[in-house]
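Trainee: Residue strings, one per chain:
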Amino acid sequence: MRIRHFIFALLILLVLVVGSSNTSAQALDISSGGQPTITGAVSGSVTGSSDVRNDLVVTINFGEVSPLNTNSIVKVVVPIALRSNQPYQVSVSMSGLNNANAQAVQASDVGFGLQNIRVLGGAGKICTQSTHVIRSPFNDDPATSLTIGSDGRVVYPSTLANLTGSTIILSGPQLSKNNSSIRQQSDGYVFDAIFTLTPQFFAAGVSSATLLFNISAGPNVPC
Amino acid sequence: MPRHTTKIIFKLCLFIMLLLISAVACLGQSTTGTVSMSATVSKFVEINSGGSVTLTGNSGGGVTTDGVTNSPLAVSINLGEVGPSNTNSFVTASVPLKLRSNASYVLSASATVTSSGTTASKIGAADVGFGLGTISRTGLGVNSGSDTNATSGDPTLPANGSVNGTTGRYEFTAVRSNLSAFSSSTTALSGPIIMNAVPRSNANGLTVPALFAVKPQFFENGTTTISVTFTVTAP
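Chains as they are written, first to last, in my numbering: chain X, 1 to 223; chain C, 224 to 458.
In isolation and in its complexed conformation, chain X is listed as follows (with noise of 0.2 Å):
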């Protein structure tokens, strides 16, 4: 009966290990904000978590983007969660699109921006002495922004080739009311990150890319 005990004793000490851990983890967090969505794809998909208590783990198909695909854009909305108790901080970095052939599919050809960042439930904290600010020159939605440049080529006034090293993209004060240890539907912010390809005659071939986003402490500012 004293091994049970010892047991018993231990698990607990188990479950406080485990708890503190995510206690301390919590301050800063970044999950799915959502469905993402895809529109003008052809043969494309997204795969990710409605729910936005699970891990932000989104898979991107843009599909054909030659001629073939004769919609004018292809569009992808992807719902991203915050939560923090303190000043925090989003980086973005990308692997992958290493294209030689500079009529292939190029980083700069894949437009990305941040787009309509607001309280997710009714428990994001609002703070009136500072905001949340996207930075410079994430702030638009490349969809509506598009232009043709000098070459022919489509434009947008942000692309994938802004991300340089782990990029800042956006950043602001205390997202979260709560300080709970584990998820909350309802206890954070949410933003949509855009991403765009315009179908064009690009070089024949296959191009893939990862990013990685992260969250940690930012600037101190006041909430």
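The set of hints was computed from the structure by calculation and includes no laboratory data. Just so it is clear, CB atoms sit at the ideal spot from N, CA and C, and this is done for glycine as well. Warning: the hint list may mix true and false statements.
[Unchecked claim] Covered stretches of chain X, going by a simulated chain C footprint (3 or more residues, C-beta under 8 Å):
id, region
1, 105-112
2, 167-176
3, 185-194
[Said to hold, decoys possible] Over the 10 Å line for every Cβ pair with chain X, so calculated as not near, a few chain C residues:
id, residue
4, F267
5, S324
6, T342
7, G356
Fit chain C to the supplied structure of chain X, relying on the hints for placement.
Mentor: Same frame as chain X, but now just chain C:
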């Protein structure tokens, strides 16, 4: 408390703790997330009309269905009279073609010529001169490149035909200068990628005239139908 009850409570506590641990693990927070993306670009080629047909040297006849720039190529031409009553040296038709691709391309032609005549003097495929004219790669978004014209160009050029000294019949003699060389699908033009990375709404491309010619002669009387199909591929 009975030993049996203690055991149940103990196991229940263990189970609850396991649930708690897994719940915390599942709903635990993270400072990173990933978005993976991919896109596919398939080879793409297209042929369209490059504009209006030009018909010259005709007696009667005319362009029945004209070409419309950037629209599917579906041209119909009545060459008119090609017997000796037409005193022009040639009846010629120039049909502008427009090609676009994101890969190397091959333009092939396949022709059928059917005549109501029954003798060797009827119009045959060899009596219809054919060639591709000057190739133009101009405009924003068009890739510079060197194309290979497999035909001999304008079939009316003196170098491309002459009167046969034995039969007296005019013949298009140069390489691939008449439609008998295209009785099956045969390459007429090939080259590297035509378009740079520009949207389909960019209307530029490679333009080249397809030139047809018939020398009015003492052909057997009757009517002749000539049908030519152009196909562009990305091998």
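Trainee: State for each hint whether it applies.
Mentor: Status of the hints after comparison with the structure:
Requiring three or more residues with a Cβ within less than 8 Å of a Cβ of chain C, the coverage given for the region 105-112 of chain X holds, as 3 such residues are present. Note: the region 167-176 of chain X has 0 residues with beta-carbon separation from chain C under 8 Å; the three-residue rule is not met and the coverage is violated. Counting residues of the region 185-194 of chain X whose CB lies closer than 8 Å to any CB of chain C gives 1, so the stated coverage by that chain is violated, three being the minimum. F267 of chain C, annotated as away from the interface, has a beta carbon of chain X within 10 Å; the closest lies near 4 Å.
Chain X draws S324 of chain C into its interface by the beta-carbon criterion, the shortest separation being 8 Å against a cut-off of 10 Å. Listed as a non-interface residue, T342 of chain C keeps its Cβ farther than 10 Å from every Cβ of chain X; the least gap is roughly 49 Å. With a minimum CB-CB distance of about 24 Å to chain X, G356 of chain C clears the 10 Å threshold, and the non-interface call stands.
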